[in-house]
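**Q** Listed below are the residues making up each chain.
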Amino acid sequence: MKRQVKVGIVDTMFARVDMAAFAIDEINRKFPGTKIVRSTVPGVKDLAAGCVILDKKERCDVYLALGMVGREPIDTQCGHEASIGIQMAKMKLGKHIVEVFVHEFEGKDDKDLYSIFEDRTRKHAVNAVLLASNPAELSKFAGMGKRQGRADAGPLFQG
Amino acid sequence: MKRQVKVGIVDTMFARVDMAAFAIDEINRKFPGTKIVRSTVPGVKDLAAGCVILDKKERCDVYLALGMVGREPIDTQCGHEASIGIQMAKMKLGKHIVEVFVHEFEGKDDKDLYSIFEDRTRKHAVNAVLLASNPAELSKFAGMGKRQGRADAGPLFQG
Amino acid sequence: MKRQVKVGIVDTMFARVDMAAFAIDEINRKFPGTKIVRSTVPGVKDLAAGCVILDKKERCDVYLALGMVGREPIDTQCGHEASIGIQMAKMKLGKHIVEVFVHEFEGKDDKDLYSIFEDRTRKHAVNAVLLASNPAELSKFAGMGKRQGRADAGPLFQG
Amino acid sequence: MKRQVKVGIVDTMFARVDMAAFAIDEINRKFPGTKIVRSTVPGVKDLAAGCVILDKKERCDVYLALGMVGREPIDTQCGHEASIGIQMAKMKLGKHIVEVFVHEFEGKDDKDLYSIFEDRTRKHAVNAVLLASNPAELSKFAGMGKRQGRADAGPLFQG
Amino acid sequence: MKRQVKVGIVDTMFARVDMAAFAIDEINRKFPGTKIVRSTVPGVKDLAAGCVILDKKERCDVYLALGMVGREPIDTQCGHEASIGIQMAKMKLGKHIVEVFVHEFEGKDDKDLYSIFEDRTRKHAVNAVLLASNPAELSKFAGMGKRQGRADAGPLFQG
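Chains A, B, C, D and E, in that order, give the protein sequences. So the first sequence is residues 1 to 159, counted in this note's numbering. So the second sequence is residues 1 to 159, counted in this note's numbering. So the third sequence is residues 1 to 159, counted in this note's numbering. So the fourth sequence is residues 1 to 159, counted in this note's numbering. So the fifth sequence is residues 1 to 159, counted in this note's numbering.
In isolation and in its complexed conformation, chain A is listed as follows (with noise of 0.2 Å):
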């Protein structure tokens, strides 16, 4: 059921850690053989036109779209038409673009900031892989109340 997929990296200068080197690291691991490509823009708001760039070259299977949005109401505002952008570039492509956003607020410190980077990143990266190669796999997990930058949440119970 599982195929070769080939997954689009678009990421930014402007996140303060390196999020696909989480990215290419984790698929690398879990997904061997995977290939990856990789864009780089200047910040969230180029995301989508990143990702469409991306595939008109590459034609990949999937995208990780990696950004990281700053701690002003401004910058939650970028984010959000930076969001509106890559719905966008989904309806445009017909094709899957897993968002992957830290807002930097997030954070109680910097190491918790930087855990958060780290682990919704590597998630996101597996999930998006699946969605392109065995998207069954996700359905085990409906409604689980999966998490991406911290532990589950996990599935509510009936009270």
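Calculated from the structure, these hints are not laboratory results. Every value quoted in this text rests on a predicted model; they were computed, and no experiment measured them. Honestly, I wouldn't trust all of these hints.
One copy or two, it doesn't matter: identical chains are merged, so the pair holds either way.
[Unchecked claim] Derived DSS-like pairs: lysine-lysine, alpha-carbon spacing no greater than 27 Å straight-line:
1. K57 - K140
2. K140 - K56
3. K30 - K6
4. K6 - K35
5. K111 - K6
6. K111 - K140
7. K57 - K6
8. K92 - K30
Using the hints, position chains B, C, D and E against chain A.
**A** Positioned in the frame of chain A, the structure of chains B, C, D and E alone reads:
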């Protein structure tokens, strides 16, 4: 007037309840013989592309987009972006995608939240099938204050 | 200059008033002979796709999208998403879709709210027919502070 | 370098001032011989479709979308939806639609508000004609803090 | 690997600083021989259409959309609408449009604000050229916390 329909269900790993199970059970009970296909994505922002991709393979008559939105303000923004993406997907497909979103803050407690998940998903599963098979049936309830998740508000009396 | 038009009405089960009944009655009174088709969807977020799907079958000249928005902040957000979807649908069809939304918080009490439903729907039903049949008629009222739901604000005097 | 242009004006019945009259007067004075067509819609949310529909018939070189936004928060949201629709319409047409919105809360009093309507509409009418006939003219004012509705802010000095 | 590129600059009359002058100077210094075309529009909401219209004539490899956003909440909303329009334009063109927006509230005083204008525009001018000529160059700075307008934030250390 009724015709057999094919329903596409897209749900998420993020949700803390297996919403698709409610939808499938409800459709099987009320509309036996309905064809159902199902696909799972990581979170609500992936639902729009999930419907478009499922449509390419399965050409369903109608889609159910099932998801949970977290309780933080940033989660509400994510849900908003997901909803705008779903509006784009409806335009692209020219089909109904019945959005079933449960916001984590809606529940007074876990039990209440669980019941919202079940009630909303089951009712909208019926709505989705009727939209595709027998839309005139819905007009009987036009303006009747129908609710999904809670009891109906009912019609407003002129006072 | 006038020509007979075909009006498509899409309304919802969520609304607490039968808005379509007002629209149909008003059009029948003021513009006898107008062809009217009607379709019902669950809630406001389904209106955009409802218009697009109705258009595929009926090719109306103009659409009325009738809906109610609940009183909670999350409802206001849903109404916003619905409106953006309707803007997309207008672009897709290249036709007017007159959006008639009543927000539950607009009414001082049930009676007042009911009167907003009726007034806004009846006036916009007339607007919709004129947009399709005799748009020059609307220019007579340009800048006159016309309101739907309440009495007209009227023109602003230079002071 | 200049060429005769055709300007499409779409205005609303909701506005409390006849904005189109200012635009037409200004264009006739400053650019005699310019062809003007005009169409009126109910409110700001109808402007985007109004431009697209007018374009199908008239193929203008540029459009003016004239409207007023009410003073309540829900009105501001409506204006936002209208603006997003206008952005969509620009993309569809590949033409400029100069949006001239006056928010009711901008005026200190009726007289002040009226003067904003007139000043903004007249100045943007000139901008619209230049965008279509002689865009290089606008570059002379790049970065000069030009304002419509009030006096120019002027350029920022390096301090 | 490098190739000569053609850059399209769209700027505004609303801005209080001649942003295009910084961009042109920077590109001429760093990338002599680069072809530059420039077009001016009234304000930020006109930038998306400005890029699309310039593209029809000039077919640039990449665009810079330069603008200032005022300090009132309604201005922030306008900037938001402008940004969404720019995301639409990127999808339409399948090209990068590097958005360089300066919000008037960002500056502590006029001098500080002016320096943000210059720093952000110059740095993004370089980014735009590299995106079109030598995108691999940007990957060297992926995750390095690059900033435009202020000093770089730098990479986050694991703590």
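**Q** Each hint should be assessed against the structure and marked as holding or not.
**A** A quick look at each hint next to the structure:
Taking the closest pair of Cα atoms, K57 and K140 come within 27 Å of each other only across two copies (21 Å); inside a single copy the shortest separation is 34 Å, beyond that limit. Taking the shortest Cα distances, K140 and K56 sit within 27 Å of each other only across copies (22 Å), while inside one copy they are farther apart (33 Å). For a Cα distance limit of 27 Å, the shortest separation of K30 from K6 inside one copy, 14 Å, qualifies, whereas the shortest one across copies, 35 Å, does not. Taking the closest pair of Cα atoms, K6 and K35 come within 27 Å of each other only inside a single copy of the chain (5 Å); across copies the shortest separation is 32 Å, beyond that limit.
Taking the shortest alpha-carbon separations for K111 and K6, neither the intra-copy value of 32 Å nor the inter-copy value of 43 Å comes in at or below 27 Å. For the identical chains of this complex, K111 and K140 are inter-copy neighbours only, at 24 Å across copies versus 32 Å inside a copy, given an alpha-carbon limit of 27 Å. Proximity of K57 to K6 under the C-alpha cut-off of 27 Å is found in both arrangements, the shortest distances being 12 Å within a copy and 20 Å between copies. Within a single copy, K92 and K30 get their C-alpha atoms no closer than 29 Å, and across copies no closer than 34 Å, so neither meets the 27 Å cut-off.
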